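**Q** Go by the hints and put chain B onto chain A.
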Amino acid sequence: MSELASDRQDPVVGDPVIEVRGLEVTFTGRIGLLAGLTGKKAADAHAVAGVDLTLRRGEVLALAGESGCGKTTTARAIMGLIRPQAGEILYEGKPLGRNLKAYRRKVQMVFQDPTAALNPRQTVYEIVAEGLRIHGIHDGPGGENEEQLVARALSRSGLRPPERFYLQYPHELSGGQRQRVVIAGALALDPEVIVADEPVSNLDASVRGEILDLLMKLRRELQISILIVTHDLGLAWTVADRVAIMYLGRIVEIGPAEDVLLRPEHPYTKALLDVVPEAGGLDRPILTGEPPDPTRIPTGCRFHPRCPVVASGRAAELRIEARCKGEDLALRTLAPEHEAACYESFLRHEGATTV
Amino acid sequence: MTVLSVRDLAVTYRSKSGDVPAVRGVSFDIHKGEVLGLAGESGCGKSTIAGAILRLHSPSTQIEGTMLLDGEDVLAMKPGRLRAVRWTGASIIFQGALHALNPVKRIGDQITEAITTHQMANDRGAQVRAGELLEQVGLPARRIDDYPHELSGGQKQRVMIAMALACSPSLVIADEPTTALDVMVQAQVLQLLKALERDLGLAMLFITHDLSVLVEVSDRLAVMYAGKIIEEGSARTVFTNPVHPYTEALAAAFPTIGDVRFRGQPAGLGGDPPDPQHIPAGCPFHPRCPSAWDDCERIVPELWAAGSDRRAACLLAEGAPATARTGEPAADR
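For the protein sequence lines, the chains are A and B, in the order given.
The opening position of the first sequence corresponds to residue 203 in our numbering, with each subsequent residue numbered one higher.
The opening position of the second sequence corresponds to residue -5 in our numbering, with each subsequent residue numbered one higher.
Chain A on its own, in the form it takes in the complex (with noise of 0.2 Å):
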């Protein structure tokens, strides 16, 4: 078959599957005719600036943060459908070629709206053939046929009987339903990964538990790796084996659920639990600001403008405001799996070894 799968070893979940080394993703800046001839210049927006990242077999990993923190760009990049201005992506140990098809069979995407990404002329039936018919596969390891092929991925999806199905129009189906449909086209070229962008987001609450229900048990029964990009942290509680922040392109702290969620370290993971709604009432504090700019990154810590540790006089106290506002720093290890890029983090881990 491909070459992917050819040499591959059994495999063992928690080996890498898809490694992401300095990823550098720069959208360059457009402007108007008119201001163009004036000798104006557009800022060019740093999306991703410097992202490693490392997606293990068999598990669930969350990447967080505010839109236009570049999660949905290296989440795209990952994919093939960006192409870096640095860094490499490697599957299974192997950089990417050229030839990205073998790869695309193996690395599936679901978007966040499904009656965008479902043509709506087509039936449930091709819409799902269509990758296999793409990637010519025309039986399946076990001598399946195409039909087979079809009526598997929809029954692991969860439309069963899948015949009811097949000559459905998009249209015809609830939200919940089309999103299935749109697992069911990556299911059937038997990926090892998917990358799913804020997959629930656009359905009914009442129905997204069972679209998160379904990819968990994706994960649990055929091993398929998972990266959920979300600016749900609840999401990536109920769902994620390790959670990674993203802030103004870069990851700002990464490690196992538990830690980042229950013990964050970077001020901004905290303060992106803070504002998670819950019972507990408005009366906590909020960042104040908006969202950052990617064509405007600050020195120092991108986070320092906002930042809590500096604003309360806290870094100034601990002599450590200058080095948040003017060196740049990179994730260390704070605790067994748990890294963080955060002067006073460093402190409170005095010894924490560089990454």
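Because the hints were derived from the structure by calculation, they are not lab data.
Model, not experiment: these values are computed from the prediction.
Using N, Cα and C, we set each Cβ at its ideal position, and we do this for glycine too.
The reader is advised that the hints may include incorrect statements.
[Stated by the list, open to error] If you anchor each label on the Cβ, the simulated ranges turn out as follows:
1. Arg230(B) with Gly289(A): 41 to 51 Å
2. His51(B) with Asn347(A): 48 to 58 Å
3. Glu129(B) with Lys472(A): 28 to 38 Å
4. Arg8(B) with Glu328(A): 27 to 37 Å
5. Arg230(B) with Glu374(A): 33 to 43 Å
6. Lys527(A) with His51(B): 38 to 48 Å
7. Arg230(B) with Leu520(A): 35 to 45 Å
8. Lys472(A) with Arg230(B): 22 to 32 Å
9. Glu552(A) with Ser146(B): 34 to 44 Å
[What the hints assert, rightly or not] DSBU-like, lysine-lysine: derived pairs with alpha carbons at most 30 Å apart:
10. Lys242(A) with Lys99(B)
11. Lys188(B) with Lys472(A)
12. Lys243(A) with Lys188(B)
**A** Below, chain B without anything else, positioned relative to chain A:
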């Protein structure tokens, strides 16, 4: 003091494929200085209620029941009176702040338009008032000459809130006011709305599908399903100790971080919200309900008492008539 009193409200849209009963008998009161949260999923009728209160629906839409705004019957108002009441009696903050502002008009002019139209002040006075309103919603008064494109999403929503407050209405309806905003900005806007409610003694109807947001801002909570309120009570008890299985499922969609019951256990309901044109017989929720038994298919539940200051439209509620439940006893909840 009761600002809005709604009784047996029913709203039916006329469509080519037949009548669509979007709201099927809803009653509630909102008092001065109180936030009523209205929760539910798309198609449950919650935004239809918002439109009905200000009679924003097309004339072909059939509205039944009574709605008293400051004691005056909204459905009996003549067009001129209705125009006067919109903005001054009640105003709406819509979800699409990003698109609701006129892009070629300065925001100050958009705010003063509402004030001068209702003859609340002359031009000069309206300018001053607009500046005050911007300060009140946390924007510097000098932004009065900005165009909408110069503002961020959160700032635009603040302008919408300032407009809603421009004519000092007694009722503000907020229909998904933070849904399009980022998490951090959402929290800022919620904090602002809550502060305004407290400082100005507003009555507020807050509509959203996000139960966790409603719990933060609301005093009382009403949960809708298929055009009816199916549970109501004080916001915190409804969220933390739901009686109706639908409320329970809705609450589970917004997990508490740190609560091990949610860890690795996404909880959801099978099925989808019903089509308003094909509402199931009996309890409309029974086909999706994990606790349903035979009686649920034939008994249409009413809002029965379910503890102190609580009501739920479910046979599991304390005040429900005794039924011959087969299988597990009703006392298991």
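**Q** Now tell me, hint by hint, if it's right for this structure.
**A** The hints, checked one at a time:
1. Against the hinted window of 41 to 51 Å, the Cβ-Cβ separation of Arg230(B) and Gly289(A) comes to about 48 Å, which satisfies the hint.
2. A hinted range of 48 to 58 Å holds for the C-beta pair His51(B) and Asn347(A), which are about 53 Å apart.
3. The supplied range of 28 to 38 Å is met by Glu129(B) and Lys472(A), whose beta-carbon atoms lie about 30 Å from each other.
4. As the Cβ distance of Arg8(B) to Glu328(A) is approximately 36 Å, the hint placing it in 27 to 37 Å holds.
5. Between Arg230(B) and Glu374(A) the C-beta distance comes to about 40 Å, which sits within the given range of 33 to 43 Å.
6. For the pair Lys527(A) and His51(B), the supplied restraint of 38 to 48 Å is violated, since their beta-carbon distance comes to about 55 Å.
7. Checked against the given bound of 35 to 45 Å, the beta carbons of Arg230(B) and Leu520(A), roughly 39 Å apart, stay inside it.
8. Distance hint check for Lys472(A) and Arg230(B): the Cβ-Cβ separation is about 24 Å, which falls inside the suggested range of 22 to 32 Å.
9. Between Glu552(A) and Ser146(B), the C-beta spacing of about 39 Å keeps the proposed range 34 to 44 Å intact.
10. With a C-alpha separation of about 26 Å, the suggested pairing of Lys242(A) with Lys99(B) holds against the 30 Å cut-off.
11. Proximity of Lys188(B) to Lys472(A) is assessed by CA-CA distance (about 23 Å); at most 30 Å being required, the pair is judged to hold.
12. Note on Lys243(A) and Lys188(B): the hinted pairing is violated, with a Cα-Cα distance of about 42 Å set against a maximum of 30 Å.
In this structure, the hints that do not hold are numbers 6, 12, in rising order.
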